[in-house]
Amino acid sequence: FSIELIVEFTGLIDNNYRPILNLISRKSSHKED
Numbered sequence: 069f070s071i072e073l074i075v076e077f078t079g080l081i082d083n084n085y086r087p088i089l090n091l092i093s094r095k096s097s098h099k100e101d
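So for the sequence shown, our numbering puts the first residue at 69; every next one is plus one.
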């Protein structure tokens, strides 16, 4: 693996999963209230 490839791959994962993580964090914050 090259550093550039790893950075691109992790960036792709981050872009794909950020909305999901946001939904999860919102759900957990609602449960806490």
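Any given hint could be a false lead.
[Stated by the list, open to error] Capping the alpha-carbon separation at 25 Å, the derived lysine to any residue pairs in SDA-like fashion look like this: (1) Lys95 with Tyr85; (2) Lys95 with Leu80; (3) Lys95 with Asn84; (4) Lys95 with Glu76; (5) Lys95 with Asp82.
[What the hints assert, rightly or not] Label-pair restraints from in silico Cβ distances: (6) Ile74 with Ser96: 39 to 45 Å; (7) Ser96 with Glu76: 39 to 45 Å; (8) His98 with Ile71: 27 to 33 Å; (9) Ile92 with Ser70: 28 to 34 Å; (10) Lys95 with Val75: 28 to 34 Å; (11) Glu72 with His98: 29 to 35 Å; (12) Ser93 with Leu73: 35 to 41 Å; (13) Lys95 with Ile74: 28 to 34 Å; (14) His98 with Thr78: 27 to 33 Å; (15) His98 with Ser70: 39 to 45 Å; (16) Ser70 with Ser97: 34 to 40 Å; (17) Glu72 with Ser93: 27 to 33 Å.
Hints in this document: simulated from the structure, not taken from any laboratory. Beta carbons are placed, not taken as given, at the ideal position from N, Cα and C, and that holds for glycine.
Taking the hints in turn, this is what the structure says about them:
no. : hint                         : result
1   : Lys95 with Tyr85             : holds, 15 Å
2   : Lys95 with Leu80             : holds, 24 Å
3   : Lys95 with Asn84             : holds, 18 Å
4   : Lys95 with Glu76             : violated, 29 Å
5   : Lys95 with Asp82             : holds, 19 Å
6   : Ile74 with Ser96: 39 to 45 Å : violated, 29 Å
7   : Ser96 with Glu76: 39 to 45 Å : violated, 30 Å
8   : His98 with Ile71: 27 to 33 Å : violated, 39 Å
9   : Ile92 with Ser70: 28 to 34 Å : holds, 31 Å
10  : Lys95 with Val75: 28 to 34 Å : holds, 30 Å
11  : Glu72 with His98: 29 to 35 Å : violated, 39 Å
12  : Ser93 with Leu73: 35 to 41 Å : violated, 29 Å
13  : Lys95 with Ile74: 28 to 34 Å : holds, 30 Å
14  : His98 with Thr78: 27 to 33 Å : holds, 29 Å
15  : His98 with Ser70: 39 to 45 Å : holds, 41 Å
16  : Ser70 with Ser97: 34 to 40 Å : holds, 38 Å
17  : Glu72 with Ser93: 27 to 33 Å : holds, 30 Å
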